[in-house]
Each structure stands twice: as C-alpha cells, then as structure tokens.
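2 protein chains.
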Amino acid sequence: INSKSPHLSSSAKLTHAALCLECLVRVRCVMGSLMGMEWYCFATLGVLTAFLSFLMDLSVAKLLRAHQWLYSQLEGHCLLQFLCWTLYPVSLSALSTSFSQSICPFSAGSGVPEVRTILSGVDMPHYLSLTNLFAKYVGLICTLAAGSTVFLGKVGPFVHLSTMVGAYLNQLCTVLRGEKEERTEGAMLVVAAAVGVASCFGAPISGVLFSVEVMSSHFALKDYCPCFFAAACGALTFHLLSMWSGEQETLQALFQTSFSDDLPFYPLEIPVFAILGLLCGAGSCIYLFCHRWILLFIKTNKILIKVLSTEKALYSAMVVFLLASVTFPLSAGQYMASKLTIKQLLSSLLDSRQWTSQSHNASMVLQPNLCPWSEWISSGNPYLTLGFFLFMKLWMLVLACTLPLPAGYFMPVFIYGAAIGRLFGEGLAYVSLNVVYLDQNRNPINPGGYALAGAAAFSGAVTHTLSPALLALELTGQSTHAAPILLATLVANALARSGQRPSFYDALSISKKLPHLPSLLKVCPRLSSVPIGKVLGPRGPVLERAAGPTEVQQVLNTCSQTQIPVVDTLGDLSLLLGVLKLTRCHILFLNMTYHYFIFQVLKKQLVDMCSIQPVSVQLSPDTTVQEVRSLRRHSLVICVGVWCQYKASLRLSWTCVSFICQ
Amino acid sequence: INSKSPHLSSSAKLTHAALCLECLVRVRCVMGSLMGMEWYCFATLGVLTAFLSFLMDLSVAKLLRAHQWLYSQLEGHCLLQFLCWTLYPVSLSALSTSFSQSICPFSAGSGVPEVRTILSGVDMPHYLSLTNLFAKYVGLICTLAAGSTVFLGKVGPFVHLSTMVGAYLNQLCTVLRGEKEERTEGAMLVVAAAVGVASCFGAPISGVLFSVEVMSSHFALKDYCPCFFAAACGALTFHLLSMWSGEQETLQALFQTSFSDDLPFYPLEIPVFAILGLLCGAGSCIYLFCHRWILLFIKTNKILIKVLSTEKALYSAMVVFLLASVTFPLSAGQYMASKLTIKQLLSSLLDSRQWTSQSHNASMVLQPNLCPWSEWISSGNPYLTLGFFLFMKLWMLVLACTLPLPAGYFMPVFIYGAAIGRLFGEGLAYVSLNVVYLDQNRNPINPGGYALAGAAAFSGAVTHTLSPALLALELTGQSTHAAPILLATLVANALARSGQRPSFYDALSISKKLPHLPSLLKVCPRLSSVPIGKVLGPRGPVLERAAGPTEVQQVLNTCSQTQIPVVDTLGDLSLLLGVLKLTRCHILFLNMTYHYFIFQVLKKQLVDMCSIQPVSVQLSPDTTVQEVRSLRRHSLVICVGVWCQYKASLRLSWTCVSFICQ
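Residue numbers (full-length UniProt numbering), protein chains in the order written: chain U, 1 to 662; chain C, 1 to 662.
Please keep in mind that the hints were generated in silico from the structure rather than gathered at the bench.
Warning: the hint list may mix true and false statements.
Note that the list lumps identical chains together, so a pair holds whenever it fits in one copy or between two copies.
Unchecked claim - The list that follows gives simulated cross-link-like pairs (lysine-lysine, DSS-like), each with its CA atoms no further than 25 Å apart:
no.: 1; residue 1: K222; residue 2: K513
no.: 2; residue 1: K339; residue 2: K512
no.: 3; residue 1: K222; residue 2: K522
no.: 4; residue 1: K222; residue 2: K306
Model the full assembly from the supplied sequences, consistent with the hints where possible.
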C-alpha cells in the first residue's frame, strides 16, 4: 500500500498511526532502559546549542570577510572607503534592530537579566518562545557581523538562546515521556544557562560556574551533574565542528596561547598581579558608574524616550554611524587598532611576546601572521595606542550598551580588561628591561600573562563573578598562570563589590524593572529585614471552616484562583487549616449543588462537603524577606498566612518595593 | 615602670589592661575599615592550613628518606632488609593508632563523613576540639610516613584538620568582634572544608568544587567568594612555602607534566577515553562493593569486633605487617614497584613517554632521574607489573581502609585510577604502533593522558564527584586534555551512580551511623516520600492558648526545652499559634508567680501572662522528608506542627530510619 495515497482508508491510516506510536514507545523503552529520558534531552540541548553557536560563528566570519574584502578593494578611494566602513555596520545594526523588534521585541539586549528572573521562578513565557529564538538568532548574527566597530559579543544572548532551546526540548521531553506535568523544567533551564556559555567558548567547566554565579543565589547539587554533562556535550560538539570545518587540527582552546612553561612568572610578580587586580577593580567601578548613568539618562531624557519608543532602527543607525566614523582607520581608528576583528583583538592582546622590543624589527611587522599585534604598533607608540583605545572604547562601549538589538556585553568587557592588563604588562616589561636592568639571560616578563589576568579581573569585577578566572584559563589553555589570575580576580571583585554597588546585570535588571530579588537586595539591603506581609500584594479571598454554601458561592464567584486558603475562624487569619483545591469541574459541581439542592446543603459546612488539604510549609506575615529567600526555589506551594499564595519564588509588587527602598 | 614587675600596683595593672584593650580596639577599627573581620579570618585560615600542610609534607619527606637510607644501608642482608622494610611502617602505624586513639578517639579515619554531618547542621563538638586537631595531625604524619606500603593519603584528614582550625578561628573572630553570637560559623566551616583540599595540593579551584560536591547538597552563593578567597590564600601560601624551601623554582603544579602541546590527542581518541571512563566506572563499582563488604565484615565478625574494641594498635600492626611483607621488594614487591613513594608513583604513571618503547634502552633505565618509571619495567614486562599492581592494591587498599588511624582515602584511589589508565594507554600505544602501524612521523599516542583521565574518572566514580577532573588538570597543569578527562569522569560517574549505590563517603557515613540525610536517601530512596511526622521522635510538651497556671507549671516541671509550642486548643494540634520562649529567669519568675500569687493568677490564661512569638516557618507532619530537605540549612527554628522542634537540618532518630529502610 502506498502510504502517501490520498485514497487511503481511514482504518489503514489508523493502523499506520498505531504502528508509529508503537515504534515510538518501543524506542522510548530501549532508550529509557539505558538512561533517563532527560539525559537525552540534556545531550541534545548541548549538541543543538553548540551547532547553533558554530553556525553563527561561520556566518559572522563570512560576513566580516565580505566587509574586509570590499574595504580592501576600495583602497585609494578615501570617501568610498569611509562609506564602506560606516554604512556596512550601520545597515547591519539597523537591520538587526528592526528585524528583532518587529518579530519579537523581547529579543533585544543580552537576555541574561531575563533568564535570571525566569530561573528565580517568575513566569515570562514571551521570553522563551520560538519566535524569540528566531528573532534573537538572526539579529545577533547581524550585530556580530557589524564587527569591532560596534564591539559587542555573543555570550549573553547565547545563554538566552540556549534557555529557549532548553524550554522547547523540555516540552518535547514531557510529551515523549507521556507525562502531563513538566517535571524537570527548572533543572532544564539551569542546565541550558550553563550550556549557553560552554558552547560559546568550548569551555565546559567555566561555563557551568559562570551560569551558577550569575544565575542563582543558591545552587542545588542535583543539577550539577546534568549541567556538566550537557556543557561537556556542547563544548565537545563545538570543538569537533570547528575541527571538521578545518579551523583547528585537533581539540584545542579557542585562543590557544604559548606562554613559557619553565618560568611563567617570577614569584615577586604576585603582588604586582594583585595591584593589576586593584586597577581593574577601579576601572570596573568607573565603567559601571557610566553604564548606570546612561541607563538612567535614556530613561529620563525626553528626546531619547521619544526616539527609542518609535524609531529604534534610526537610533541604532545613528549611534553606529557615530561609532563607525570614530573608528575609521584613516582617521582616529589607526590609533586604536580598529582594523582587527574582536577575535584578532583578543589574540593580539594575549600574545606572550613583548610588543616594544619587537617594534623595531620591521620585517616581522610586515608579516601579520607572525606578528598579530602589528596593528597596535603601526602608529608608532603602542602605549599611546593602548591608552587611546582604553579611553575611546570606554564611552563607545557604554554607548553601544544602549542599542536596542540582541547583543552580549561580556566579551567586550573581557577584551577591555585584556587591554588594561596589556598596557600594565608592557609598561612593567619596559621598566624591568630598561630601568631596573634585569638579567638579560633570564626569561623576560610576559605581558600576555598580565593581559590574561586583566581580562579575567575586569570582566569578573564588572559581572561580580569569579569564574572569568577559570574562563581565561580554559579559553587560552594556559594553566601556568592560574594562581595570579585568581588573585587578581579576587582583588578586583573585592573592590567592585564593596559599598553595595550593583553588578552590570543587576543594573540592567533594575533598569528593566524585572522582579529579581537578589538585584533588589543589592541596591536596597534594608529590604531583607522587611516582613513579607508588608511587601506582598493584598490578600485574596479566604474561607472559614464553618463557611456555609452562601459564603462559598460568593468566594467562588469573585476569585479566579484554583486554591483558596481555609482558616479556623475569620477572626484570626493566622490559624490556617489548609487549602481547598478547586478544579474547573469541581467549581461547576459546587455551583450545581448550590442551585439544585439549596435546601439540603444550606446547613452544611465547608468542612463537611470538601476535603481540605494541609499546607506543607506555612509562613507567617512577620517572616522577613531574608528568611523567605532562604527557603528553596523548588519547594511546593507556600501559603503566607492567608496573605497570598505563590509558587516558588517571592514575587514582589514593584510599587511596594520602591516604597520600601525610598 | 617595668611592666613585668610583680609588685605592680593593681591600678597600674588596670591601666595596662585598659591600654592593651584600647590598642586592640583601635587595631580592630583600622582593620575593620579596610574589610570585614571575617575576611582576615578566612585569609588566616588559608595561610595556617597551608602552613600545616607544608610542615606535614616536610616531616613526612624526612621520615621517608630516613627509611630509604636505612634500607639502602642494609643492602645484602636480606633478613635485616626485610625487618627494616616491615617494622618501620609497623611501628609507625601502631604509634599513629595508639597516639590518636589515646588522645582523641574521634581522630581516626578520614573525617570527611563527620565534617559532612557537621556541615548539615548537627552539633558534634568533640570532632572540632583542639585535642582532636593535635591527635589527628601527629597521627597523620605517622600514617603518611609509613609510605606506599600502607598506601594512604592526606586529603580527607586535611579537610577535617582545616575544619577544626576554622572552628577555632571562628571563636577567635567572634571574641575579636565583641559579639556573643557566632554569626559566621556555618560559612567558616564551609570555607574550611574548601581550604583543606586546596592547601593539600595547591589547587584552589578544584578544592572549592570538591568540597562543594562532597560536603553539601545545596550551596549558597554567598559562601562562594569566601571559599575562593581562602582557598587562593591557602594555595598561594603552599606554593610559596615549597618555593622558599627550594623544592620549586617558581609557582607550578605539584605534579607538573609536559605533554605535547601541538597535537595532545587525536580526535578519534575521544570515544576511547569514554571507554576508559566505562572501565573506571566498573572498577569503582568493584572497589566500592569490596569496601562495603569489609565495613560490614568488621562490624559482624566477633573476633574482629573484640580486637578492634580493645587492641586497636595490635590490629594496625598486624595488618600493616601483612601489607609490608607482601610489598617487600625482594619478594612480590618487585612486581608492583613498591620502592616508589606515593608521589613517585603518581609522577611515574603520568609521564608522557611510552614505557614499552623505552624499555629496551638500558642506559636510560639506569638513570632514575631521567626515567622515573624504571621501577615499573625493572621486572621485565610493564603490563604484567601494572596488572599485578592493580590486582594486589585492590585488596590491600580495602584492607588499609579498616585501619583505625587518621588517614585519607582519596589519593590512593586517584593513583589506582592512574594505574588503570596507564595500563589502558600503554596497551593502546602498543596496539597503535605494532598492530595498526600508525604513521611513525606523527605524534605517538600518549599513555600519560590516559593515566590522567583514568585517575580523574576512577576517583570521581568512587567519590561520586566530577571535580577530580578539574583536580587532575590543576595538579598537573595540563589543560590540553580537559575535554577527554571531563568526558571520562562523566561516563565513570554515570556508571557508578546508577542503581542507587552509595558513594565511598556515603558508605562510611552509614557504617558509622552518622545522621547524614543525603547518604541515607541514597541507600533508601523511599525515605524521601515519608512524612516527617513518622520519622521524627515523639513530640514534646504543648501548651494551649487557654492554659492556666497549673498546666504551665506542669509543663515547666517536666520539660527541659527553651521553647514550647502553643496551640489554639489541644484538640487540634495543627493550629499552632506560636512558641513560648523561656529563659532560665523566666521560668524562675513563673514558678515564683505561681507559688506566691496563686490565688491571683489562678484564673489567668497563658495568653494574658506571656507573649507568644509567631513561628516564621511552619511545617505540617504530613510534609515529606524531600520537601523538608528542600528548605535551606540556615533557616530559623522550624516547628513541625507541634511534633518536634529542630534547628536547621533534619535530625532523624536512627531507629525510625532503619524501620523505614527495611
């Protein structure tokens, strides 16, 4: 029988469907006997995300090469070159903005603050839809293809993309298991966040740690193994794909460095690394202050509010045109190595050879393959170039953060830190050779090590995390510098976290008014000692034990909740007996009972008619926010006296919180 | 005035005391303004533990060298050599046993199960005393000095030692801050556990991760920074001390390897690493089965019970004599490289050069510095030596675990895994060269990489953790093999965790009858769905709202608790009003009131006389163990209906649990 025949009888169709179903069930049994269904989902999640990441890298590389080719073809025509340099990123970022905004307005920005909020238990279904996945993916390719002019990264959006893939896979997994409840959604999203970072860089361990640090305030160890499993799958797939595409001969770090192994640094350099950490911490404070200022500015400036609410693409185009004009290689761009792509910037900064001692060797400079930092020294003095780069990129980066398009902010910060470290390291190497006259036979000071430490310390301080230290090691495969890098990151973090300043993501959460409690607590520590009774919204309907049919009917008519608290007497609301769980048919039945047997039931009480389920965990309205926070996410429904019912996390109404914070 | 003068007047003494106090306060102010007092404690903890670790390594190295010297001096006298070989470890382990048992019997064993239990909220003050610290430290030096004959490590005891130092520092910190409450004890102990591992190996990151994985089922992110800070301090101090003592020229990994960087492994080797992971997982299952069997055997065999209860030192001496006789280099020991110390064993196994291809080169074998594995091939066939080593060490290791002396079990397991990996890798290298005839110009297969992966996978599977993968990288400074090592560890863990088998530490916890819930849940998953009402002990006294003085008096006379639950009516115990907090003087006052004003108060009710404090978190007896577990450790006092009150963790009475588990 030709199964595609339109004349197929309905019974045959049914047989086919049953056969398919049977096959599916059998496959599920065989797979399920090997390991739980969710592990296949975790593996699929890792592989899919890595595939998305690889595909994005490939398309971005092609788009960047097209721009470089066009620019080089126009050599000699200064105006045409300027137009090519500026209009290419302008059109790409305008496209990115309009595309993502028209398909799904939630796809703009990094996505990390939203994912954090979702992971803390708040439902935000729009942020996990498939249209958002599509809009964010295409938009991000355009943003990245705009290159080092716009200077934005892909980590944050990839965490978001991976979470969307995870949510979708979780639905699939639930269907495959034939269950109705979505058992593992929490675990799946935590794992997805880890996979996002891991498959961005092929760095599984730091991926997991970064997501743990950024995403949660508490980490359940039962998610630990799934996280590492999925992250390892993602990282392996990412590496294998780049190997098969011919980029790498074997699995190796993305920015493989070759620092000297026998004496990577002198022990006396350890305090110097701590000083670099302090510098990076101070730098991060300045950067975060500027970032907070501009977030406030675009919220309060009337012109900007108007432009950003109606003409988002125009705003993007204008800002990117400004950025591109500044970085034009024939004007100021030559003093800030603007011809290098983001990847080239990082690998040139991490090179172990000293720039200054090589800058006189003209033959090497002509071969960019041997000497990736030639762009930095082409204008003469690398110190000035680095300083100018740091000064210009600070405001350019802050400005770029306001663009309403899908973009990540981690990688730019990482590179900025590497530039700080490089400047510091180059200066130190110069001083050690030309002022202190170190023994020439011994290993010279390696400025690349300082660049690596600076990158980890600065990005760690900006995001208030320590895992960039490990990420720096995994990205470069350079384990010799583990101790000084960790030290610098710790010192920078200590400085950045002092004085209750919010981190980069906290500032975004607060600016976007997301109900994310840890961010709020950072800005307003007083909140932790406030009783929840004062913060939560008004209480819903309550029934008393002895409620008659009339009261029950009234409550049923007014409320839309599925659970109603039942108390002993309405006089003392703290004596909670349990909850009355209502299903749709339950309500109908109650209504019918009421209408038809009104005389019979009139004297019956609530306790006689319905079973009241006890509440497993009960809070009093006097419990402070801090105490409620210390209850775990995945605990069951909690009743706060009879004030309000909520699932898992504490959802504060924003007005209340603002009231307390004032 | 000479301050030491015995004739000093009391007023002058007072002035001195006041001056000292003022100085102390001023120092505290200056230090406190820079960072919180607890951070100094964390740093001190790291430095102190690293110092202890370094001192131990130094003494152990000296003791081992003395033994080697003595043994080499007796060359030619076979019997004397045998006596030297056996009696030295026998006397050391007998000394270790009798010393630790006589000073503090709690100091025997690894200490990790006890620290886990303490961290989960159970008070075990004997395990954190200073005498225990002393007994464990000295005992551990003796154990380690017995060398590779006894084949025990130092990680576990160091976690315990570090926790004791941490608890002591916490008391000091509390006094310095002038507070009465020990605010940070929980945090301090968590940090101390991380520092223990970090300062053992100078591996800060994996130290923190290992302690997180082994110690807790949930990790609070606020402990994350302190953990890394203290671990970094510890690791840095450890490295600096070994540098200043002349062991290392600069900071480098403890077992620095030099694998080839350009092509560390072929991509096709990745599935082979997964197969090695499977092998290690299977091996770990056998090892854990033997371990559980011997734990049960020494608990049930009547002779052993008698010997172990009275003659612990004799038992140790007998077992170690057996082990030493077997490893005597002139008998079976020559086939298991028994002359190598534990450190030499590991570095020889991790060497990147292939043993078999070098074994014909006699000149290298004569120079043990160039060729650390010469002991392995001295008997001829390295495969047979490795196989014999694996077979013998399995039962020897299981037997050594029963010794009642301070000892760690992680390092032996790590080395055992390295031997499995080495045998696998050597076999593969032989096959690839002599059977498949790989291109001779390309890099040969590196058996050291397999040894490293095997070590991580086997120790990870035995302890049910993933962090040994990171530890292997940090111990060797070898980041090229990150992906395959993580893969092997994941596969081994998947096999070891399947089928609800307890990990090594879980088995110890259960055998020692420690109230550690996660271990219990692993053995008896049914426990998680049991209502706590069934598991907890009988309920204490309860007062009702309208209780008169007589009832109050009765309850006060019978109970020793400081908090008494107050319910609405005794008829329904689930309607909890709050708790009555009693202090000593409160009780006295109530008693007095009762005796003197008996007529006046006779008609008064409890609610009129005392303030009843509401309970912030309330559980019903129907709440399952799983739900209670999901409430966090540091939450406040929780009342389970009126069944029982407990602080923080769930303390189950053992009889109840055994009842459920049957």
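So which of the earlier hints does this model not fit? Hints 2, 4 are the ones this structure does not satisfy, whereas the remaining hints hold.
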